[in-house]
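Peer 1: Chains as they are written, first to last, in our numbering: chain A, 1 to 226; chain B, 1 to 226.
To be clear, the hints were calculated from the coordinates, so they are not data collected in a lab. Heads up, some of the hints might be wrong.
Since the list gives no way to pick one copy over another, a pair counts as held whenever it fits inside one copy or between any two copies.
[As the list claims (entries may be wrong)] Calculated lysine to any residue pairs in the SDA-like style (CA-CA distance at most 20 Å, straight line):
1. Lys129 <-> Pro142
2. Lys39 <-> Val188
3. Lys58 <-> His68
4. Lys129 <-> Arg104
5. Lys129 <-> Leu197
6. Lys129 <-> Ala105
7. Lys39 <-> Glu91
8. Lys39 <-> Val71
9. Lys58 <-> Arg21
10. Lys129 <-> Ser146
There are 2 protein chains.
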Amino acid sequence: MRGDSASTISEARLSRPSAGRLSLYLRHLEALIGEGGAKVSSVQLGQALGVSDAQVRKDLATLGNLGHPGVGYRPQELIGAIRQALGLNREWSVALVGVGNLARALLRYRGFQQQGFRIVALFDADPAKVGQCIDGLEIHSPDQMSSVIARTGAELGLLAVPSETAQTVAEGLVAARIRGILNFAPAVLRLPESVKLVSVDLAAQLEQLAFLVQMVGNESRALNTR
Amino acid sequence: MRGDSASTISEARLSRPSAGRLSLYLRHLEALIGEGGAKVSSVQLGQALGVSDAQVRKDLATLGNLGHPGVGYRPQELIGAIRQALGLNREWSVALVGVGNLARALLRYRGFQQQGFRIVALFDADPAKVGQCIDGLEIHSPDQMSSVIARTGAELGLLAVPSETAQTVAEGLVAARIRGILNFAPAVLRLPESVKLVSVDLAAQLEQLAFLVQMVGNESRALNTR
Numbered sequence: 001m002r003g004d005s006a007s008t009i010s011e012a013r014l015s016r017p018s019a020g021r022l023s024l025y026l027r028h029l030e031a032l033i034g035e036g037g038a039k040v041s042s043v044q045l046g047q048a049l050g051v052s053d054a055q056v057r058k059d060l061a062t063l064g065n066l067g068h069p070g071v072g073y074r075p076q077e078l079i080g081a082i083r084q085a086l087g088l089n090r091e092w093s094v095a096l097v098g099v100g101n102l103a104r105a106l107l108r109y110r111g112f113q114q115q116g117f118r119i120v121a122l123f124d125a126d127p128a129k130v131g132q133c134i135d136g137l138e139i140h141s142p143d144q145m146s147s148v149i150a151r152t153g154a155e156l157g158l159l160a161v162p163s164e165t166a167q168t169v170a171e172g173l174v175a176a177r178i179r180g181i182l183n184f185a186p187a188v189l190r191l192p193e194s195v196k197l198v199s200v201d202l203a204a205q206l207e208q209l210a211f212l213v214q215m216v217g218n219e220s221r222a223l224n225t226r
Numbered sequence: 001m002r003g004d005s006a007s008t009i010s011e012a013r014l015s016r017p018s019a020g021r022l023s024l025y026l027r028h029l030e031a032l033i034g035e036g037g038a039k040v041s042s043v044q045l046g047q048a049l050g051v052s053d054a055q056v057r058k059d060l061a062t063l064g065n066l067g068h069p070g071v072g073y074r075p076q077e078l079i080g081a082i083r084q085a086l087g088l089n090r091e092w093s094v095a096l097v098g099v100g101n102l103a104r105a106l107l108r109y110r111g112f113q114q115q116g117f118r119i120v121a122l123f124d125a126d127p128a129k130v131g132q133c134i135d136g137l138e139i140h141s142p143d144q145m146s147s148v149i150a151r152t153g154a155e156l157g158l159l160a161v162p163s164e165t166a167q168t169v170a171e172g173l174v175a176a177r178i179r180g181i182l183n184f185a186p187a188v189l190r191l192p193e194s195v196k197l198v199s200v201d202l203a204a205q206l207e208q209l210a211f212l213v214q215m216v217g218n219e220s221r222a223l224n225t226r
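Bound conformation, chain A alone:
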């Protein structure tokens, strides 16, 4: 294995939670660069993101030997290494299925474009929407999925359809040889092993918030009754 590049080795070692944190470091480093920051320490990164500095150093060590004694990390250098490890040193073409309000928000979400995600194809089952254009993109019927996805080279799919149709639409994307799906429907999807799935459960995020808020309430009540 000695002939392999360092990046391939570190990618293989990168765990899913560690990759999640790398995304957060990336976002913070980009903000730091915007503010003109020329160096950053593991303590600063940890404090900004609520993880220990030991965890930060462990995560960043998977990228290679990037710490500079007496300096810390150089943000621009870290950004390059993180983007390579996450597979963001290239552009990803994305197909979006279900052109409702969420899809319109996603189409204009600048965070996607900034990170190299480009929406190249739109699909909707509603005949009234098929043929319309949004931001220069034509809305296609789902039965054109295979040909449009092959033509546009979309590798990732955004699923913004209601729960009831999510599984069927996801299977259509799989048949059209999409490699990964970001699912916004509050539904559990079953996909073949070869197609990757990330689900954004918005209610679960709100539940996390309610849980944290309730914890604060319980703690202060516990303090008051002592």
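Knowing the structure of chain A, use the given hints to seat chain B on it.
Peer 2: Below, chain B alone, put in the same frame as chain A:
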């Protein structure tokens, strides 16, 4: 501490990642109930959500002694215990700031209502939108935030504004005594310790997907060159 209820004790012990998994168990159990399931094992739950059955048992043990020998868990019983632990055995009133496409999608997102989250107040800085109604809710100007939030009893805030204004708007919500914020803007927010924050970074979710898809590509290339 003997006089405390079991739920208070378990809430205090519940870690954030464990709470996140409880949300996922909850979603899966609700789907299971919908399909008429009367029992479920830690192995089944683990397989459905991609965690080990040991982790499932550990997470569910924080809720009390709910496993039945020879049966496993009873979904309805688990749902009740999880909802109580997460603070979902009540309704939460929510204020939504920034009435664009994302907000319209969130307003109609059934997952929120199903879990007891009710959007009760809308705010937008655009004078052309102030005074309009969506789904029976009037859009208010941000300078009415304190009075409207006090009147409606909103405790949680959904932030669906552009990155540039996110920090200012969040500070307005804090001043209006909101207890927690779910942030959709791709921006790092600084809030007082007493106000809880959960950020939904949609680009980070797409980055996770790209990372997973890229990993598959690397693995199959590595296999091919052996």
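Peer 1: Now look at each hint and say whether the structure bears it out.
Peer 2: Evaluation of the provided hints:
1. In the homo-oligomer, the alpha carbons of Lys129 and Pro142 lie at most 20 Å apart inside one protomer (12 Å), although the nearest pairing across protomers, at 34 Å, exceeds that limit.
2. In the homo-oligomer, the alpha carbons of Lys39 and Val188 lie at most 20 Å apart only across protomers (18 Å), although the nearest pairing inside one protomer, at 42 Å, exceeds that limit.
3. Taking CA atoms no more than 20 Å apart as the test, Lys58 paired with His68 passes inside one copy only; the shortest distance there is 15 Å, against 41 Å between copies.
4. Proximity of Lys129 and Arg104 under a CA criterion of 20 Å is satisfied in both settings, with 13 Å inside one chain copy and 18 Å between copies.
5. In this assembly of identical chains, the alpha carbons of Lys129 and Leu197 never lie at most 20 Å apart, being 27 Å within a copy and 37 Å across copies at closest.
6. Taking CA atoms no more than 20 Å apart as the test, Lys129 paired with Ala105 passes in both settings, with 17 Å inside one copy and 17 Å between copies.
7. For a Cα distance limit of 20 Å, the shortest separation of Lys39 from Glu91 qualifies neither inside one copy, at 27 Å, nor across copies, at 46 Å.
8. Taking the closest pair of Cα atoms, Lys39 and Val71 come within 20 Å of each other only inside a single copy of the chain (7 Å); across copies the shortest separation is 57 Å, beyond that limit.
9. Taking the shortest Cα distances, Lys58 and Arg21 sit within 20 Å of each other inside one copy (11 Å), while across copies they are farther apart (24 Å).
10. In this assembly of identical chains, Lys129 and Ser146 lie within 20 Å of each other by CA distance solely inside one copy; the values are 19 Å within and 40 Å between copies.
The structure does not agree with the numbered hints 5, 7 stated previously, though it agrees with the rest.
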